[in-house]
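Student: Please model the entire structure based on the sequences and the hints provided.
Going down the list, the sequences are from chains A and B. The first sequence finishes on residue 376 if you use the working numbering, and the numbering steps up by one all the way, no holes. The second sequence finishes on residue 376 if you use the working numbering, and the numbering steps up by one all the way, no holes.
Careful: at least some of the hints might be erroneous.
It does not matter which identical chain is meant; a pair holds if it fits inside one copy or across any two.
No more than 30 Å apart at the CA atoms, straight line, and that leaves these computed lysine-lysine pairs for BS3-like [said to hold, decoys possible]: (1) K308 to K159; (2) K101 to K53; (3) K199 to K159.
Derived from the structure by calculation, the hints contain no laboratory data. Quick caveat: nothing in here was measured; it's all calculated off a predicted structure.
Number of protein chains: 2
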Amino acid sequence: MKNTLKFIFISLVLLPLVSNAQQTGVYPPGTQPNEHNINGADYPRIGEDGKTYFRIYAPDAKKVEISFRGEMTKEADGFWTLVSKEPEVVGFHYYQVIIDGVGTADPNGKPFFGMGKWVSGIEIPEKGVDYYKAKNVPHGLVSESWYYSDIRNEWRHCFVYTPAGYDKDSGKKYPVLYLQHGMGENETSWANQGKMNFIMDNLIAEGKAVPMVVVMDNGNIEVFKPEPGETPDQARMKFGADFSSILINEIIPHVESNFRVLTDRENRAMAGLSWGGLQTFNTTLNNIDKFAYIGGFSGAGQIPLDKLDTVYGGVFKDSKAFNDKVHVFFIGIGSEEHPERAKGLSDGLKAAGINNVYYESPGTAHEFLTWRRCLNEFAPMIFKK
Amino acid sequence: MKNTLKFIFISLVLLPLVSNAQQTGVYPPGTQPNEHNINGADYPRIGEDGKTYFRIYAPDAKKVEISFRGEMTKEADGFWTLVSKEPEVVGFHYYQVIIDGVGTADPNGKPFFGMGKWVSGIEIPEKGVDYYKAKNVPHGLVSESWYYSDIRNEWRHCFVYTPAGYDKDSGKKYPVLYLQHGMGENETSWANQGKMNFIMDNLIAEGKAVPMVVVMDNGNIEVFKPEPGETPDQARMKFGADFSSILINEIIPHVESNFRVLTDRENRAMAGLSWGGLQTFNTTLNNIDKFAYIGGFSGAGQIPLDKLDTVYGGVFKDSKAFNDKVHVFFIGIGSEEHPERAKGLSDGLKAAGINNVYYESPGTAHEFLTWRRCLNEFAPMIFKK
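Tutor: The structure is reproduced here in structure tokens:
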């Protein structure tokens, strides 16, 4: 019996540790483990200058790569190593370990859903910046809430942030922000990659944002598979196309029945990043009676400025009516991801009399630090009318 | 600019799908995808008879294996395949894809924390059994709740199940079950692998269990690393040794300050699986003034029957006093994991006058189906005194 226990113990704990053993005891000076490493994993590491250090045990592999970073070097001890040539940009970056051509999540890291599957993430610390860090302030909860979708004929779940104190007073109701991920991500991404809970906790604790509920659901309504004879672009246009319907007919009613939220348009906002920004534009601008605040973070939606009178059912035709209804129309973008597109949209809308806020995140690309910053800018603006 | 978007789209979505393309359109008859596959992934699959079918795209790998199941066969199209020789036992089983010796989570599946890292899971359906399925009943929430640990000097989080209706009535308080995972697992395992939320939802909806709060935290308090000169067994005994202290001094106060729970011993239970069962025995039996219900599910704790008068501070010495205080002492085990150990413990305690409930899960081993069943048996017994 003792042997059985020992076998279980060796199988479950020792073998993985041995096969992924990374502890060398000697680390490049000034480096720290990636904050997303699992307990006991010392690599990847990040230097004070933002350089990244990867180390993977794969004595039998022919080639090991780190995605976006290149081929690793095989060492005599069976480990493969890679040090980035340049410091990496601050913030959160996806990566995969590619073992003889197969992209996998790093066995030593916490997985993140991005790039259409579960991959790994490395966090380059941003010195002196703590708005997305856990602080000694009251913390809200991120809860998983299940519902049955008649549209999709399946059980679905959303993640719901409720602010600190939510369950102390059952008489109080809160405004709601519906917050969407990008293509290739899912309903877990805003809390995991985006640290939206700490951003909201900190904003609310400092009195910058109104206490609100934030709902994150899965916008990947159709799996992306081009039909025979269809181009990827044609297929892409169908991907996520049904999200407005499921949001309005199922997610919002589910949230309003199961959480203490205010249900009028003045207390309902929607924002999304990248593809979720397009979903936000499509949902809110076609349903302006239901949303008073709109945010596109690196939004993939391009509103044709030469057709402003007719697009989205003519919602922009009467700019005064639009401005009266939409209290914040936020257009955010990273400076390193061709911001001229978003800037042009913002300027064009302003020229047509449509109020909007343009925000450009300095030094960041189409990545989560841009979107953390966008949320940190957008959330304080909403529900203050 | 359109090209930029297209590049982002191709990078984030198309490439992963192409490189992991699994869609063949022709599947082994009668098979269904594993319920934990990500959207669009068709493998692994499970046959009606419980046989499993694995398929991995790795044209450049020399050898691909599925852990516990063996080596895959390379096909002409760059895919590797494996069909289990025998049907697998019903329930949840861990697996890894081993690419040229490197154990990885299946890129096509949802990751589960087990075996000391993030790995994959396959679910063999159990016909006619639905106590752990999502049903059309009111659903509770599983929430992530953060706190700062002075003992560990770090931010930690627990997952907290609150039953349906919890936030409708802020006057009502609930009893609490502290529920621990096994070695190599973590605070996410009971909800992900164990489906504890659906088990509790269904038991509560049927009136079998009292509505209760369930708290799941990380019991891996020390990373398992043998010190120089230390045997693995010696190191193992230190692993998790501090859990009682963090549970009693930090987790329980955090939960009692932040959730509407009852705070007397009559309304506090603890249970755990495997290593978590040992932590449960060590915590509750040394602190019987704080817990009235105890559950060990395949518990790794072996109480020496010949020293009953002295172990755990002599808690068993006066059996009547013990029986008056501990209303349920549950000892569960799977029939395929040497149940004689647990049965002997139960019988020996009974012979010494210590009331306890013995439950043996038929046909299951040291795996999560044993523990789902244990929870389904244990939860209805508690908080009914």
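Student: Now, for every hint given, state plainly whether the structure supports it.
Tutor: Here is what the structure says about each hint:
Taking the closest pair of Cα atoms, K308 and K159 never come within 30 Å of each other, the shortest separation being 45 Å inside a single copy and 43 Å across copies. For a Cα distance limit of 30 Å, the shortest separation of K101 from K53 qualifies both inside one copy, at 25 Å, and across copies, at 27 Å. In this assembly of identical chains, the alpha carbons of K199 and K159 lie at most 30 Å apart whether taken from the same copy (21 Å) or from different copies (28 Å).
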